[in-house]
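Colleague: Per our numbering, the very first residue in the sequence shown carries number 244; after that it's consecutive.
No wet-lab data here; the hints were simulated from the structure. Wrong hints could be hidden among the right ones.
[As the list claims (entries may be wrong)] Dumping the calculated SDA-like pairs for lysine to any residue here, alpha-carbon to alpha-carbon at most 25 Å:
#1 Lys301 <-> Thr326
#2 Lys379 <-> Val438
#3 Lys408 <-> Pro354
#4 Lys408 <-> Lys292
#5 Lys367 <-> Thr326
#6 Lys325 <-> Ala256
#7 Lys385 <-> Ser414
#8 Lys325 <-> Asp335
#9 Lys292 <-> Val275
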Amino acid sequence: MEAGPLRTSGHPAMAILYEDNHLLGIEKPVNVPTQEDASGDPDLLTLLKEDIRERYRKPGNVYLGLVHRLDRPVGGAMIFAKTSKAASRLSDAVRTRRFDKCYVAIVRGLPPLQSGKLTDTLLKDERTNTVSIVPKGTPGGKEAILDYRVLGSSPQEGLSLVRIKLHTGRSHQIRVQFSQLGCPLYGDQKYGSAVNKPGEQIALWSLYVGVPHPVTKEPVDLVSIPPRLYPWNLWEDVVYSQIAEDCTAGWDGGF
Numbered sequence: 244m245e246a247g248p249l250r251t252s253g254h255p256a257m258a259i260l261y262e263d264n265h266l267l268g269i270e271k272p273v274n275v276p277t278q279e280d281a282s283g284d285p286d287l288l289t290l291l292k293e294d295i296r297e298r299y300r301k302p303g304n305v306y307l308g309l310v311h312r313l314d315r316p317v318g319g320a321m322i323f324a325k326t327s328k329a330a331s332r333l334s335d336a337v338r339t340r341r342f343d344k345c346y347v348a349i350v351r352g353l354p355p356l357q358s359g360k361l362t363d364t365l366l367k368d369e370r371t372n373t374v375s376i377v378p379k380g381t382p383g384g385k386e387a388i389l390d391y392r393v394l395g396s397s398p399q400e401g402l403s404l405v406r407i408k409l410h411t412g413r414s415h416q417i418r419v420q421f422s423q424l425g426c427p428l429y430g431d432q433k434y435g436s437a438v439n440k441p442g443e444q445i446a447l448w449s450l451y452v453g454v455p456h457p458v459t460k461e462p463v464d465l466v467s468i469p470p471r472l473y474p475w476n477l478w479e480d481v482v483y484s485q486i487a488e489d490c491t492a493g494w495d496g497g498f
């Protein structure tokens with residue numbers, strides 16, 4: 244296990260959450276695309292490959308396998324495979340749902356239930372890069388399932404803190420499903436433009452990623468606490484730390 248800053252040639256510093264010969268776990272900065280997209284902006288995958296090449300003085304191409312993604316405006320824990328064998332085994336963990344992902348989000352309003360399961364069918368429009376909820380059985384639609392639990396609310400701000408466990412990893416899944424619930428994420432311009440202002444940073448964070456190590460089979464637990472910025476600072480760090488401890492211990496928190 245290793246923690247520290249990772250510098251990427253003038254781009255935002257990233258914390259290394261875990262690294263060995265097989266895996267690289269980092270804290271993704273907000274507003275950096277996970278992989279190359281139409282914007283042409285520097286992407287995380289390319290930046291990390293460049294860093295590995297420089298740190299280890301590797302000639303030629305550097306292998307780094309992308310096994311899960313975070314939306315561009317979302318920050319937090321991510322894990323990458325440094326070998327093709329590790330990538331294959333992590334992908335298998337994703338398929339068999341042994342790849343645990345826990346998010347925290349701050350949403351507008353208060354969800355109708357203290358905890359619940361959201362199950363929908365999502366359809367992505369690649370042309371507009373937007374996702375909509377469609378009837379089950381719609382061609383191209385994919386099932387999306389998550390569990391959530393409300394951890395606190397701030398009536399004066401009209402905001403609630405929720406913990407989210409994904410069972411599927413669909414594009415924009417959390418954002419779309421909570422918007423449909425009537426509680427769009429704070430700062431989400433795409434699925435909550437009616438209640439969010441331009442310039443607000445989306446309040447969605449990858450707090451925890453857990454997976455069996457592809458070689459040793461020992462648990463690998465990555466934890467990333469949200470920054471002490473509004474609206475995250477409406478709740479103390481101890482709240483986020485407790486969520487992380489519960490995730491690491493394998494507790495479902497009442498889901």
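Colleague: Would you mind marking each hint as holding or not holding in the structure?
Modeller: Quick rundown of the hints versus the structure:
1. Lys301 <-> Thr326: holds (14 Å)
2. Lys379 <-> Val438: Between Lys379 and Val438 the Cα gap is close to 28 Å, so the pair fails against 25 Å, i.e. violated.
3. Lys408 <-> Pro354: holds (16 Å)
4. Lys408 <-> Lys292: violated (29 Å)
5. Lys367 <-> Thr326: violated (31 Å)
6. Lys325 <-> Ala256: holds (20 Å)
7. Lys385 <-> Ser414: Roughly 10 Å between the alpha carbons, so the hint for Lys385 and Ser414 holds.
8. Lys325 <-> Asp335: holds (16 Å)
9. Lys292 <-> Val275: Given pair Lys292, Val275 holds - Cα atoms ~15 Å apart, limit 25 Å.
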